[in-house]
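Participant: Next come the chains, spelled out residue by residue.
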Amino acid sequence: MKSGAKILIESLLHEGVDTIFGYPGGTVLPIYDELYDSPLRHILVRHEQAAVHAADGYARASGRVGVCLATSGPGACNLVTGIATAYMDSVPLVAITGQVPTTLLGNDAFQESDITGITLPITKHSYLVNKASELRSSVHEAFYIAGTGRMGPVLIDLPKDVQTDLVADTEPVPDKIVIRGYQPTVQGHPKQIERAVSMITAAERPVIYAGGGVIASGGSAELIRLAETQMIPVTTTLMALGAIPAHHPMNLGMLGMHGTQSANYAVTECDLLIAVGARFDDRVTGRLESFAPNAQIIHIDIDPAEIGKNKPVTLPIVGDVKQVLTEINLKLTENRVGGSWNDRLAVWKQQSIPSGGKDNGLLLPQFVVKTLSDILGDEGVIVTEVGQNQMWAAQYYAFSRPRQWITSGGLGTMGYGFPAAIGASMACPDKTVVDIAGDGSIQMNIQELATVVQFNIPVKIMILNNQYLGMVRQWQELFYDRRYSYTEMSAVDFVAIAKAYGVPGICVTDPADVKDAIQQSLDYDGPFLLDFRIEREENVMPMVPAGAAINEMILEDKR
Amino acid sequence: MKSHTISILVENRPGVLSRVAGLFTRRGFNIESLAVGTCEEPGMSRITAVVIADDEIIEQVKKQLNKLINVIKVIDITDTEHVAREIALIKVAAEPGASRAEVMQLADNFRARIIDVGTRSVILEMTGDTSKIDALVQLLCPYGIKELVRTGKIAMPRGLKTISPKK
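Protein sequence lines, in the order shown, are assigned to chains A and B.
For what it's worth, my numbering labels the leading residue of the first sequence as 579, then goes sequentially.
For what it's worth, my numbering labels the leading residue of the second sequence as 12, then goes sequentially.
Source of the hints: derived by calculation from the structure; they are not laboratory data.
Even for Gly, the Cβ is constructed at its ideal location relative to N, Cα and C.
One thing to keep in mind: the hints can contain errors.
To be verified - Using C-beta positions, here's what the derived DEER-type ranges look like:
| no. | chain 1 | residue 1 | chain 2 | residue 2 | range |
| --- | --- | --- | --- | --- | --- |
| 1 | A | K709 | B | E136 | 38 to 44 Å |
| 2 | B | I98 | A | P750 | 46 to 52 Å |
| 3 | A | P750 | B | K13 | 34 to 40 Å |
| 4 | B | T91 | A | K754 | 32 to 38 Å |
What the hints assert, rightly or not - Taking lysine to aspartate or glutamate pairs in the EDC-like style, the calculated list, with each CA pair at most 20 Å apart, reads:
| no. | chain 1 | residue 1 | chain 2 | residue 2 |
| --- | --- | --- | --- | --- |
| 5 | B | K74 | A | D859 |
| 6 | A | K887 | B | D66 |
| 7 | B | K172 | B | E51 |
| 8 | A | K889 | B | D90 |
| 9 | A | K889 | B | D66 |
| 10 | B | K13 | B | E51 |
| 11 | B | K73 | A | D881 |
| 12 | A | K580 | A | D611 |
| 13 | B | K13 | B | D90 |
As the list claims (entries may be wrong) - To list a few chain B residues with every Cβ distance to chain A over 12 Å, as calculated:
| no. | residue |
| --- | --- |
| 14 | E22 |
| 15 | D87 |
| 16 | R96 |
| 17 | P168 |
For reference, chain A alone in the conformation it holds in the complex (with noise of 0.2 Å):
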């Protein structure tokens, strides 16, 4: 006989799972005593959104399902936020949550909350787990569903009298499950794939714009060999950087509302679209009509809903993209040379060179990127907070490969990058882990620098502090007439704050001074928080207006 809590972690380990992220509580105490003497890792954070993030940096830096485990009520409704932050962006994970006894469930008893409810709009599946002897089954299914077709959360609502019953151990569950109602289909189909191919050899002016779907299926070499071999441009979303590497020739850099101007031109001049594990974002389409005008779309993802749900598309294929870029470079057996198209792209991605701030003596934030950028180059994974700090990382680190960059994309949630750098350097423990975060964001989940000092975890914090919310007063400034409307933010000491915790820091103010403190942040073994006192009115260029066309950029600063 065993209790259900000693069937999870038997099913956790038989998943794979070598590191959990979770928070204690009073419907989870069987699951803590059978962890106690288990050998999976559980780094106990400060906050049960922190675990959650956490879980989901994991997966993202690793590919694996991330795990988070938190008490019932409270504890469950902290991972309401990152669920929907993982949902959002694909994020294959599994929470897992304690509930009230079965014999309670529906009594509004003590720390009760309706947790598979509440999170049914944002999971991609769910268990509410009502007998010990469904247990293993449903922790099977739950990894399963997490990590195949379009990856997402799934939550597991355990009842304690669940976790305590004691059950005949069941068999092991055999690692091939069949799902009635979930077959996602993996294969493009031949005809579809054929139509490509010809559609691609037609093409004048054809531009690949590929999404996190390229980084989730791990298709990133046959994306570079489709553009290498085709002379095909590619533009990458904000979740896709990385997918080809930042001085690649054929890349054009990110598109929409913070793009490069040769990606955004590039789009909107383009004959043929190639979408790839994308989802027509508004950030990334501007105003719809204006987005490819004049261009036929194929349009490859794995998950059929995405296909025509914001545009329509010339040619769908619904399947894996690695695998649907296989067949398509099979058969695309001639190469093609460069044309006057891949010249002119050449030209505006020579006059879409970042600046990179201008040399005044000031310290900009993109100077304090890009000095990073140089120092640590492939070896960092940079995981961001939300805002400009996000989109300065975005436009001036050089990505070099795949997982390199972990960031907010979707639900564009602030307090995500610190606890997220937390899991990604648990899941990547022999290269470093940076999170550049503003003022604002890192103050969402500061607490968790107790956490990194009580596991020793050598996340390095880079703050650009404008002493604003910087996004939101950049809008301010461009669409509300300057009228900085509770976006101003008071000093923070945030050296003092991390030498309180145990984390060593440097403040830095003078240009002249950011190359010295990265490398002794980077130099020091364990974790590390720099404070970069910014330009404060800096702003993130070039900018697309929301709802404007994505070739109507501003391209730089009136000021």
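Add chain B to chain A, keeping to what the hints say.
Facilitator: Relative to chain A, chain B alone:
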């Protein structure tokens, strides 16, 4: 915008109805009616939803429903040859005398059944397609409808065609 009849085969799992109904709300799809009940397969239920929307929206509805793990099959039978029925129970004021006779005459014309007779009202049971029920309801309005309950539409393709999953 037109009215679409969508048949959804689902596994009888806890929360499956919330998942389906929640999806309609969350994505801003308008449901005209929703009828749920068990079906020929054990452990399964069939939901018939009537949705008013453009064709592209219906396409999204179907795709989003298909993504739900407990949803086995979704088909839009609007343009397939099919039969559709709905049941309405209508409690209508009918004082003994002329108006009661008229109500009963109307019921007879529509092939509705009188299933309860009270001192001052009667309950009619009407089975038919939605428009026919609408017509009867409209004609009964002047007499005073006290209560109206409708099941929502259920539908089935004609002939051998089924909406069961392949075995």
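Participant: If a hint holds in the structure, say so; if it doesn't, say that too.
Facilitator: Each hint tested on the structure:
For the hinted restraint 38 to 44 Å between A/K709 and B/E136, the CB-CB distance of approximately 42 Å keeps it satisfied. As the Cβ distance of B/I98 to A/P750 is approximately 49 Å, the hint placing it in 46 to 52 Å holds. As the Cβ distance of A/P750 to B/K13 is approximately 52 Å, the hint placing it in 34 to 40 Å is violated. For the hinted restraint 32 to 38 Å between B/T91 and A/K754, the CB-CB distance of approximately 35 Å keeps it satisfied.
This hinted pair checks out: B/K74 and A/D859 have alpha carbons roughly 18 Å apart, not beyond 20 Å. With a C-alpha separation of about 12 Å, the suggested pair A/K887 and B/D66 falls inside the 20 Å cut-off, and the hint holds. In summary, the hint linking B/K172 to B/E51 is supported, as the alpha carbons are separated by about 15 Å, within the 20 Å threshold. Under the criterion of a C-alpha separation no larger than 20 Å, the hint pairing A/K889 with B/D90 is inconsistent with the structure, at around 25 Å.
Using a Cα cut-off of 20 Å, the hinted pair A/K889 and B/D66 holds, with the two alpha carbons roughly 14 Å apart. Between B/K13 and B/E51 the alpha-carbon distance is near 30 Å, which puts this suggested pair outside the 20 Å criterion. Only pairs whose Cα atoms come within 20 Å are accepted, and B/K73 paired with A/D881 is accepted, the gap being roughly 13 Å. This hinted pair checks out: A/K580 and A/D611 have alpha carbons roughly 14 Å apart, not beyond 20 Å.
Taking the CA atoms of B/K13 and B/D90, the gap is near 11 Å; set against the 20 Å cutoff, the hint holds. For B/E22, the non-interface assignment is contradicted: its Cβ lies about 6 Å from the closest Cβ of chain A, within the 12 Å cut-off. Consistency note on B/D87: stated as away from chain A, and its beta-carbon is indeed over 12 Å from all of that chain's, at 15 Å minimum. Consistency note on B/R96: stated as away from chain A, and its beta-carbon is indeed over 12 Å from all of that chain's, at 27 Å minimum.
Every C-beta of chain A lies more than 12 Å from that of B/P168, the closest at about 21 Å, which supports listing it as non-interface.
Consistency with the previously given hints fails for numbers 3, 8, 10 and 14, ordered from lowest to highest.
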